[in-house]
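Chemist: Sequence:
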Amino acid sequence: MKHRLRFGALVTSVAEARRAEELGYDLVAVSSDELDPWTLLSWIAGHTERVGLAVTGLAAADREPTVLGRAAASLDLLSGGWLSLALTGEHLGEVTDIVRGVLDADQAGPLRYPGEHHRVPKAQRGPLPAHRIPIWLTGTDPASLALAGRTADGWIADLEQVSADELATAYKIIETAASEADRDADEIRRILIVDPDRSAAELSALGADTFLFRAAVLPDLTAWETLRDSSGPSVFRPASVRSKRREGIAYDELPASLAATAVEPGDLDYARVRSTYMRGGAPGLVLRPTTTAEVVEALAVARAHPELPFGLRSAGHGVSGRSTNDGGIVVSLAALNTIEILDEARRLIRVGPGARWMDVAHALRPYGWALSSGDYGGVGVGGLATAGGVGWLARKHGLTIDHLHAVEMVLADGSVVRASATENADLFWAVRGAGANFGAVTSFEFEAYEVGDVGFAQLVVAADDPADLLVKWGRSIEAAPRDLSGQLIMGPPRAGQPAYAQLMAVVDSDDPETIIEQVQPIAAIAPLYQQEVVLTPYAGVISNAADGGYHQAVGEPTSRSGLIEHLTPAFARAVVKLLASGAVHWFQIRTVGGAVADVPADETAYAHRSANFSVIVMGSSKQRVDAGWADLAEHFDGLYLSFETDQSPERVADAFPPATLARLRELKLRYDPDNLFRDNFNIKVAAL
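Read in the UniProt record's numbering, the sequence shown has 416 at position 416, and its numbers run on one by one without any break.
Among these hints, one or two may not hold up.
[Stated by the list, open to error] Restricting the straight-line Cα-Cα distance to at most 27 angstroms, the calculated cross-link-like pairs of lysine-lysine (DSSO-like) are:
#, residue 1, residue 2
1, Lys577, Lys472
2, Lys684, Lys622
3, Lys2, Lys244
4, Lys577, Lys622
[Stated by the list, open to error] Quick list of the computed label-pair ranges, beta carbon to beta carbon:
#, residue 1, residue 2, range
5, Ala462, Ser648, 32 to 40 angstroms
6, Ser581, Pro238, 46 to 54 angstroms
7, Gly89, Gln497, 55 to 63 angstroms
8, Val460, Pro110, 32 to 40 angstroms
I should point out that these hints are in silico values taken from the structure, not numbers from a laboratory. For each residue, glycine too, the CB sits at the ideal point set by N, CA and C.
All chains, full assembly: derive it from the sequences and hints.
Modeler: Have a look at this one:
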């Protein structure tokens, strides 16, 4: 038996389902004989927490297959991935194909199915369920049994309706059909509905791996615990999944703690984790640790595969592209997403690397606090808080790393350390600006600051003379009070349409007159096409990401980054030339300066403190983007590594001044001599 032994209860009410969960049962099942099963099961799902859910004997003829597929996917999502589906009736082969086609929401295009009895000319797939929903089939006639062997995830029977001999014969038919279909018969679960008075010894002899007891009197499972614990693996992957494994990865040697949540290319969850917000990926294995101890184990897996790409991911925004790969290992820290208040008097908080900044903003809002944290709420804490953090409040409050108090991190050798100004101070210096080179940060401690409502201005202005616009905007920003931070976005010229720029600004003040006074010079640099200025909590500014779903990006966009002190006429002319070339999709400038420059250049690994502006471009062709960027390069002094896709040694030298880079490389040799953390903005020594 390859499947882990499970016990369930056939229930008719929420009370019975909750009782089964309290007794430690693995799943509850409802039949379609009385109440509508979807209504009852949905009600049960809302009143239970961890028990599996199943519908038994669902007559295929009663529901249109595509509707059934979407209903199953929806219930599975709402319940957190607990559903199993048992079908009975006619034309089960076609119904099963259609339901699975709907559930396979990662496939491109609509579902089309030219069946003999069920024809689907065009149907919407999805939503993608929370897990691969097992489909069980019923029926004791040879045709139904053979179909179960060829296609089903399980076969279910009622022991009141079949004898032990008939059961043995049914299993043989299923096994033969599975073999003829090049399937492993052990993939197919054997589910039996039984009376509670059956003994453990009697049931053990029946060859099933799942027992559903009628819930009138549920038996105590104590007698079964030893057998259940010694049965099959907690995670079972069929041959169809294993066939998609990538070469060079020891999948079957994963620690049990990681195997339960790991994702392989054949898993349904692979669609959710393969790509990032900005680019597509095809990793061979995604590990999803939930604790610091599991991060230690995950890094041990990466160390055991030194020849493979290895990416570290927080929430998967990843503009620079270093949190996914092709055929390698990704360690996702998304599950480490807690947000805690440690000391309200000191405004000290602890945040996990997988938390998103919009979630942090909402958690801090009731206290009247904030942390400047980029401009997109979907960004994870981990990547930004080890690189710098150029956000909406940067000129007033500095970079995100400037408010970092301490970190807990797992180093390349698996040791767990705390780094702060007084503990491992050299590592604390390095993690603020080059952190991805030194370990996986599992928690951050920040000192937040008081921020009430802020002014948020979104303007669209004419850009008939884009070079003049850039110079005037730069001067107005440098002259503005530190309360104001902002950005400018421009795109390439479009034939027959007026040129324009988007200007945005946040003013750290809740006084409307102060907000208007500070925004007015920005708005006056060019004729306005559109304007909106609102008073809003900081959380309202940063809550600009979808609250659900998953990243589905494709392609490999090229992004380039540069830091600059002033927007000079010469620089502005080079920008206009770049935009006119059509090589970039968009051009963005974010404000730095102000409080960012108050921090001494040698205090953190982020050393280019004198810049007033951070410049970013993005395009689809590396060759074209790099060629256009070359004319701008002479104007820059440094770059912000979170927006740079070029990982050449020249870019590393651009990101870190010579003294900073020399110190980082000395620490790299000490903390990561084998260069485990290599698939990032790598500061490795050339000899490595």
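Chemist: For every hint, state whether the structure bears it out.
Modeler: Now for the hints, and whether the structure bears them out:
A threshold of 27 angstroms between alpha carbons decides the hint, and for Lys577 with Lys472 the separation of about 18 angstroms falls inside it, so the pair holds. Restraint check: the Cα-Cα separation between Lys684 and Lys622 comes to about 24 angstroms, which is no more than 27 angstroms; the hinted pair holds. Note on Lys2 and Lys244: the hinted pairing holds, with a Cα-Cα distance of about 20 angstroms set against a maximum of 27 angstroms. Annotation: proposed proximity of Lys577 to Lys622 holds, straight-line Cα distance about 17 angstroms (limit 27 angstroms).
Here the CB-CB span from Ala462 to Ser648 is close to 38 angstroms, well matched to the stated 32 to 40 angstroms. Remark: the range hint 46 to 54 angstroms for Ser581 to Pro238 is upheld by a beta-carbon distance near 51 angstroms. Taking the beta carbon of each, Gly89 and Gln497 are about 58 angstroms apart, inside 55 to 63 angstroms as hinted. Between Val460 and Pro110 the beta carbons are some 37 angstroms apart, a value that agrees with the proposed interval 32 to 40 angstroms.
Checked against the numbered hints given earlier, the structure satisfies every one of them.
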